Every structure is written in structure tokens, then in C-alpha cells.
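Peer 1: So the sequence lines, in the order shown, correspond to chains A and B. Quick note: the first sequence uses this note's numbering, first residue 1, plus one each step. Quick note: the second sequence uses this note's numbering, first residue 1, plus one each step.
By construction, these hints were calculated from the structure, which means they are not laboratory data. Keep in mind that this is a model prediction, so the values were computed, not measured. Relax, there's no trap hidden among the hints.
One-sided excerpt, in silico: chain A residues whose CB lies under 8 Å from chain B: (1) Tyr48; (2) Ser49; (3) Leu52; (4) Arg53; (5) Phe69; (6) Leu70; (7) Ser82; (8) Arg83; (9) Arg87; (10) Thr92; (11) Val99; (12) Arg140; (13) Ala161; (14) Lys183; (15) Leu193.
Here are the computed distance ranges between Cβ atoms for each label pair: (16) A:Val137 to B:Asp65: 22 to 28 Å; (17) B:Gly31 to A:His18: 33 to 39 Å; (18) B:Asp37 to A:Thr181: 27 to 33 Å.
Even glycine gets a Cβ: it sits at the ideal position worked out from N, Cα and C.
One-letter residues, chain by chain:
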Amino acid sequence: MTEIAASRRTTTRADAMHLSDEALIAQIARGDDDALGAFYDRFGRVVYSLALRIVRDTQLAEEATQEAFLAVWRTAGDYRASRGSARTWLLTLAHRRAVDRVRFEQRRVVGNVPLDDTTEREIREVIPSAEDEAWVVFERERLVRALRQIPDGERELIELAYFDGYTQSELADRLGLPLGTVKRRTFTGLGRLRTLLEAER
Amino acid sequence: MNPDSEHLHDEDLVAYALGESDAARARAIDGHLESCDACRREYVGLLDALGTMAFAAPGRVPPPDLRASILAAAANESPAPIVSGPAAAAVPGRRGRWSWASLSSGWGPRIAIAGGLAVVLIVVLLALPQDTSPSRSAPLVGVHGAVVVTDHRAVLDAAGFGPLPSGRTYEMWVIHGGAARPAGLFTPGAGNVPVRGAVAPGDVIAVTAEPAGGSPQPTSTPIAHAQVQ
Numbered sequence: 001m002t003e004i005a006a007s008r009r010t011t012t013r014a015d016a017m018h019l020s021d022e023a024l025i026a027q028i029a030r031g032d033d034d035a036l037g038a039f040y041d042r043f044g045r046v047v048y049s050l051a052l053r054i055v056r057d058t059q060l061a062e063e064a065t066q067e068a069f070l071a072v073w074r075t076a077g078d079y080r081a082s083r084g085s086a087r088t089w090l091l092t093l094a095h096r097r098a099v100d101r102v103r104f105e106q107r108r109v110v111g112n113v114p115l116d117d118t119t120e121r122e123i124r125e126v127i128p129s130a131e132d133e134a135w136v137v138f139e140r141e142r143l144v145r146a147l148r149q150i151p152d153g154e155r156e157l158i159e160l161a162y163f164d165g166y167t168q169s170e171l172a173d174r175l176g177l178p179l180g181t182v183k184r185r186t187f188t189g190l191g192r193l194r195t196l197l198e199a200e201r
Numbered sequence: 001m002n003p004d005s006e007h008l009h010d011e012d013l014v015a016y017a018l019g020e021s022d023a024a025r026a027r028a029i030d031g032h033l034e035s036c037d038a039c040r041r042e043y044v045g046l047l048d049a050l051g052t053m054a055f056a057a058p059g060r061v062p063p064p065d066l067r068a069s070i071l072a073a074a075a076n077e078s079p080a081p082i083v084s085g086p087a088a089a090a091v092p093g094r095r096g097r098w099s100w101a102s103l104s105s106g107w108g109p110r111i112a113i114a115g116g117l118a119v120v121l122i123v124v125l126l127a128l129p130q131d132t133s134p135s136r137s138a139p140l141v142g143v144h145g146a147v148v149v150t151d152h153r154a155v156l157d158a159a160g161f162g163p164l165p166s167g168r169t170y171e172m173w174v175i176h177g178g179a180a181r182p183a184g185l186f187t188p189g190a191g192n193v194p195v196r197g198a199v200a201p202g203d204v205i206a207v208t209a210e211p212a213g214g215s216p217q218p219t220s221t222p223i224a225h226a227q228v229q
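Bound-form chain B, shown alone (with noise of 0.2 Å):
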């Protein structure tokens, strides 16, 4: 197939709408039919008719706190595209909704905007009041914010994370050697955060939304992670 010459084969378009086209070949056809009205035509007519296809699906209602769990993940979501970290693979988690393996494949595609983040990093440490000890600032991976430690102490800077459903709280975590410890619990539109705890190099900061009271154990994806310097 020379995808700028040629039109698509039927198989192609159909193999493309269906989802099985590798990703050299996906790009190849997405490239063609940028291009190529007649084939983008055929293409959209069997997608329309594919679509249509679910609606054979018996008809059946999603549980009523879909919706507010879908808008919670949402509004916790940075609107810029973010890089995935190292807290993903970090913790083991019991596959809920959001479940810590769907987070890393979720998020790996993305693309840092380092620039981004540098702004805010710069802008949470001019915000914070300055310590005789030398604070480091990490950048949040997730939602716009940073953790600023200061000897073994860290703050989170909480502003950027959005409104929950009622009944659930933001949890932060300490995550050292696989494990994750709990550090404290927060409210949306709370301002510095302190962690509960010490922290070292190399550990990880995560935030998870949380039944009311906290968790023992993370039971969600981390909304947000940053890694202590």
C-alpha cells in the first residue's frame, strides 16, 4: 500500500475501523485519509455503521456514582499533557476503577512540557516562605503543584487539586522501598500540605482520592506523585 497514491483497500478501512491495524499501518491510513477525500468518505460510512452497531447492545444502566467518579477523575486531571513517573509501578493496589496498572498505561504516552512545570516549580518557591536549610522543590506528575522538602520534611503545595464527590478525601502517601505509608489527608482547595513523616531521596510522594477517613492502603490510582530529590 503507498498510502499517499493509492486508495485504501476495503480490508484496510475495515481493518483500521475495527481497531486491529498495527501502528506503522494505523499511521499510514490515518496519513491517507488526511488527505484523500473518496477513501475518508468510505471510511467514515463504515465507522457510522459500525458505531451504530452498539446500539444491539441489550440496554443496561451504569451504577448512579459513574458519572461523579468519571467528572472526579477529570477535574484531577492537569489539562496539559504530563509524563508518566516512577510511582505508577511503585505500589501494589487492588484493582479498583482507577487502578495503579491503568495509570502507567494511561499515562506513558504523554509528553512532558518541562517548561511548564519549571513555571510552577519556580513559582512554589518563591511562594514559600524561605528556610535557613536549603529546600528542594520537585515537580507534581498529575495535577500543577510541587513538594518542597526541607531537611526530611516535605509540603506539598495542594492548590492545584480539584473539587471530590461527597464522601471521599484526598490521602497523601509515602512510597519507600515498593511500600506505601500513609501521610496525612487533605481537603480540596487546602494550600500547603505538610507530609506526615519523614522522607528521603528517592522516595515517592503520591495522592490518591480516598473514602472519608483515609485508607491504610492506597485503593485508587494516585491522582498526583512527585519524587523527593
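This is chain A alone, in the form it adopts within the complex (with noise of 0.2 Å):
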């Protein structure tokens, strides 16, 4: 066993915290269970908050934390740079995992929860956290001053399919528009929100 485990390990802590967050994931597809460490080490605040703020409950963001950085052991070696960084593979992974839970666990908040409410707040909101690492603060902020130039409308609908798990279609239902409109909405606020994004880079 111990052979094994050697015969994996081919990175060691202080190697893997100089690489690239692409060069973990070629790592892990390695079976470089060291990487895969650092890769949460760098990540696992981030995947563990976006759960927790999907599904509202510790035990169930513990458990799509987990099935996430699992799935980046499993399927590393499927991973393509053309489809985006290894960053937002992750964030996409985590997001399927913990919006599928709520939609599993019908955990979603049912009912006429205001638009301006908790959301809304969080988002045009930096909440300071000691915690945070640099990095996670500065694209918070980042973040909340692009949200801050998109028409309400717009990312109302993006917030509400992106951190509740509403389809298109629920969100018409709910919030009694055509389902063109919803569709051409959020895509036109994701738009702007990259567009937002890149010109703070």
C-alpha cells in the first residue's frame, strides 16, 4: 500500500503551491493526491461558500464540496483549457452538484421571496471577512462593482438561476414574464457582466 501511495505522490506540498491551478489539475490527473490537496487548499473556501449560499445547509454543502473536489480527482484527466480555465471548471462543477441538490432536496426557498432580499444584499455588499484570503476578496469586489452597472432586471434573473437553481422556465412562471424574455435577459446581463468583468482586468 504504502508502494502505492508513494508511486502516486509525485508533487510535494511546497512544489504545489507554485503551480498553476492548470498544473494541479495535470497533477491530479496523475493520481498526484498532494495536488489535489493544494487544489483545495486554493479552492475549497470558495466551493464551500458558493454550496453553503446554494443549498443553505452545512451538511449538504459538505457533502457537494466534497462530491466536487472528488469529481476533479476523478475526471481531471478529462479537463480541456479550450473550454475555459481550471477555475471555473471547478466553480461549474460545484455549482451542478450543489444546484443539483437543491433541486433534489427541493430545499430552494418556495414561494414570494422578495427579489431585493437577502440576495440582492449579499451581492451589492462587500461583507468583510477576516477570513478571506486577498485573492477572494479582490475578486468579490471585482464582482460586486460589475453587478453594481447591470440593469436590476438583468441580474436579478442571473442571480436568482445561478444561486437558487431556477430553470428559465420556472423563473417566467415565477416572476409572470414570457420565457423569451427570461432567456434573452439573463443571456444579455451574463454578456454585460463579462464584458464588465474583462474591462477590470
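Dock the two chains into a complex; use the hints.
Peer 2: Structural data, given as C-alpha cells:
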């Protein structure tokens, strides 16, 4: 057993800290568990925070986080840089797992939660946390600045789809809008977000 | 939508990025993205913007044991694709971070590499001392290894089980008629471990990670299992 573990271990913890996200994924694809640990150290909080925001339950958030990183472990060999950064890949995996849980567990807040409730407050203010690393704070501030410039109707749709797992049809029903309008606004809002984020780089 | 010749609609890209596309549509979109640079650039841009939304979630710190839990689960996974067996549905368990239900859903789609398992089986059979009674061997699913049964006694080849976080042990279970009974503990690096008690054809032998000292009933998803032939 120790031989198996040793043969997989090709990166030391100190090495891994200096690797790019994509290089870590390449190491993980070779079965390097130290690289997986380093990837978790880099993104574990972000993934857990995202999962918790979506599922609103610490146990489910832990499960979704674990599944996301295990999915990275199992499928790192399938990662394609042409389909986006390693970080985006991880966050997409994590988002899917959390949203699947919300849809499966029917945990999202059902009913008429006002659109300007917690979601909007959370996003429009930067909630400082001494625990956050500097790069996370930077990303959050960049995002909040961008979101403030997006029309409310578009931003709300993005937030409800992303954080509450509503499908476009559910949003159309819930908001009493034609499905085509929901789809168009979501796409337009995401396009704006993308342009604003790129301009901030 | 003709996935090969026309560009994807914006709405298709959004639905795909949000994980809303059904399987058939997702395959078609994926195939198109593979061959169309323009749509792929558009998709990557959308996905990147969506991914950044994650940073709007209030920052929270995961429980400190989550890291070790993820690494232990990863270490115990066979790097090769494996097939699901009947053990997952056989035993009710309380919902833990590794739930019995998530085992079946997570492992279900995997494909067996029968050749690889057969090689392991042969190696195990050759390595074990020969007995006068005929031995039957069943490959483990989940971890490379096998269970060898002679008469009604089973031996687990446990060499493939990886390290565990401190305070945890491997525990074997014999699942018979939908109920699990404890069948002994072992530590990482163990060789051939006797399974406690008699086993019968059709029984499933499963292994979970449990708190040190073992549990009276499984509290987590089996890491590996095999059905007695």
C-alpha cells in the first residue's frame, strides 16, 4: 500500500503551492493526491461558500464540496483548457452539484421571497471577512463593482438562476414574464457581466 | 438546431452553462462546441462570467476535517472506472457525508474494466495458499482486490486500501437479507484479512471507513464491496 501511495506522489506540498491551477489539474490527473490537497487549499473555501449559499445547509454544502473535489479527482484527465480555466471548471462542477442538490431536495426557498431580499443585499455590499484571502476579496470586489452596473431586471435573473437553481421556465412562471424575455435578459445580463469583468482585469 | 452546421443559439449556451440542458441536447451542444471556435469562445466567456458569480457568496470556512475526508475518499477510489454492484442499495444507512445513496448514484454510470478486474482476480488466486476445498473468488468493486471464499469462510485481500485520517479504521460488513453485520476491522496496509463469521452465496461483503474502534452499523458509504459467488 505504501508503495502505491508513494508512486503516485510526485509533487510535494511546497511544490504544489507554486503551480498554476492548470498545472495542478495535470498533476491530479496523474493521481497526485498532494496536488488535490493543494487544489483544495486554494479553492476549498470558495467552493464551500458557494455550495452553502446555494443549498443553505452545512451538511449538504459539505457533501456538495466533497463531490466537486472528487469529481476533479476522477475526471482531471478530461479537463480541456479550451473550455475555460481550471478555476471556472471547478466552480462549474461545484455549482452543478450544489444546484442538483437544491433541485433534488427541494430546498430552495419556495414562494414569494421578494427579489430585493437577502440575495441582493449580499451581492451589493462587500461583506468583509477576516478569514478571506486577499485574492478572494479582490475577486469579490471586482464582481460587486460589475454587478452594480447591470440593470436590476437582468441581475436578478442571473442571481436567481445561479444561486437558487431556478430554470429559465421556472423563472418565467415565478416572475410572470414570457420565457423568451427571461432567456434574453439572462443572456444579455451575462454578456454585460462578462464585458464588465474583462474591463476590470 | 443542427449542431454541426449552424451556430448555437445564445439561449442554448446559457441553458448549457447553467446545467439545464437535457442529456441529448447537452451532447449535441458539446459536440458542436468541440468543432466550432466561435461558439466555444462565446461559451467559455459566459461560463467564466457565471463562475465569477461564486465570489458573491458570503465567505464561509468549511469544517476543518473536510479536507482529510476528501483526500481519504480520493485515496480509496480506484483510479480506473469501476462498476456499481448490489451492495449500495442493500443497506440502509443514515445520511452522512458519504451516503449509501450517493454511492449508487455516483458510481452507477461507471463502466467496468472486466479485464483489469480479471487480472487482479488471477493474481489474488495465485497468491493465496491453496486449500483442499475449492475456493471461489469475487473481485472487489471500488478498490482493487478480491474476496476469496472457501467453504463458508471469506478472506479479504486488503492490500489495495489506502491510508485513512487518524481516528478512523476500516470495517468489514457482511450484508445478508438487507441487513449488515460487523465482520471485523483492519488497518491500511493489511494483507489478507479474515472476514468474521460465516458467509453464504449471494451475501455482499462491504468495507466502510468508521471511527476508531468500529461501529455496530455502517455510518458511511462502502468504499468497496464484493458479492460472494
